[in-house]
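Colleague: Sequences listed follow chains A and B, in order. For the first sequence, this note's numbering gives the first residue as 35, with consecutive numbering after it. For the second sequence, this note's numbering gives the first residue as 1301, with consecutive numbering after it.
Do not take every clue at face value.
[Unchecked claim] Straight-line C-alpha distance at most 30 Å; calculated DSBU-like pairs for lysine-lysine:
id, chain 1, residue 1, chain 2, residue 2
1, A, LYS184, A, LYS309
2, A, LYS227, A, LYS184
3, A, LYS168, A, LYS189
4, B, LYS1383, A, LYS127
5, B, LYS1383, A, LYS184
6, B, LYS1383, A, LYS168
7, A, LYS212, A, LYS189
8, B, LYS1383, A, LYS309
In short, the hints are calculated from the structure, not lab data. No experiment lies behind these values; they were computed from the predicted model shown.
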Amino acid sequence: MSLIVEMNQKAMDLGIPLSVHFDITYRCNERCIHCYLDHDDLGEMATAEIEDVLDQLADAGVFFLALSGGEVLMRRDFFHIVEYARRRLFNVKIKTNGVMIREREACRLRQLGVEQVQISVYSHRPEVHDGITKLPGSLRRTIEAIRFLKVQGLKVSMANVLMTANLFDNQGVMSLAKELGVSYTLDPTITPKIDGNTAVLALRAPGAELHRVFRNEELVGNVAEFCAPPAAPDEDVMDGYPCSAGHTSCYISPYGDVFPCVQFPLPSGNLRREKFMDIWRHSSALEEVRSIRARDLTTCSACSHVGSCSRCPGLAYMEGNMRGPSSADCEKSFQRTGIASANMLQRSGIADRALVQIQPLTRTN
Amino acid sequence: MSERYIARSSSIAARMMGVETMVMSALDSTFFSLNEVASVIWEAADGTTPLSRIVSERVCRDFDVDADSAARDALEFVEELAKHGILLVSEQPIITPAAGAEPTA
């Protein structure tokens, strides 16, 4: 067992929130067509409030801290926040579009001991990337930022969201990542807007595109293994929990709202009214999330994919039931293995049809 | 043998988990899990307390271990962490900087 896996298990046993995703602002200098956020500032936490939250998180045992947004550099106190977090010895990861990172900012991030910078790149072609961000020149500035960060020796990863607007460009982005010497991840997840608006879901990549990327060895490793039919679930699988959301990780919004995950907008408490540990330990919402095991899932518990599906409880929640299926993940499982999920069969009506009985022909002499 | 002073590097992330300490180097993402005894030494690594005093006043006091083997094990431990750049070792007291600045000995 690797040390990280061991640490996760220990955090689970001790009830420690090992990782926190903290959006320090929703303001942004880009207007990405697929973004789930409202970029107005509706009263984000002040510097002192964020310091207090970081103190509480450190005392709670949080180790991995992802600072994200919005665009984190839109906050004038951004470097102060990072410095404060590093003084409290968090492992800090920054998620940014890189547009505001020049030599000076890259140097400061290195001095502060930031562990990793994740930068969103949607295409290697400016007309596509800038068309998605709605900020002319953004791809050029983002690539410059990656170079500045690499010169400083920082670990950089390129996050490529797959959607209808950039279909077929992922290979070009992957080549760009190689050329720049950074790691690459492809994410086909498009989530409803934070206000519940689902119009952006029209941007989800079609099944055929998922089928194509799931057979790309550079992305998935061993294709035969990745696309293999699911193994029959055993007791361990049925007693397992869906993901780390609410168990060893959670999300904090710029307004102090606590949720199980950035993709799981189940209100669990607010840091302007309660202490973090009170929310973490006693929130009825988090307790409910923690109580769910695979065997409790409606539809999914009877699905052949239950042990290997990437089912996101947050996306399921946004579809109306945190114990229910997440259609986007059903589609992924189907495109990966060619086997329809229980949810897909149910929705198509096939599961309700009576089986055809074949009777042996009885001879009557 | 000359005295050793030890200080935590400013390029690390660290957190106590139960009685153990997780430490990760921001330079190369090397990850360490320190056991209870090592955690005591780590916590006491303020750059100004000599290692010998940390061993005699903290390790030997809190754990059932003889002084000679504790001193030997402690030295081996700090040298191992120093190799990965997560602990600074010097024959002089170390002025520990805040995270983000280079240390001065």
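Colleague: With reference to the structure, classify each hint as holding or not holding.
Modeller: Taking the hints in turn, this is what the structure says about them:
| no. | hint | in the structure |
| --- | --- | --- |
| 1 | LYS184/A to LYS309/A | 38 Å, violated |
| 2 | LYS227/A to LYS184/A | 33 Å, violated |
| 3 | LYS168/A to LYS189/A | 27 Å, holds |
| 4 | LYS1383/B to LYS127/A | 24 Å, holds |
| 5 | LYS1383/B to LYS184/A | 24 Å, holds |
| 6 | LYS1383/B to LYS168/A | 48 Å, violated |
| 7 | LYS212/A to LYS189/A | 13 Å, holds |
| 8 | LYS1383/B to LYS309/A | 40 Å, violated |
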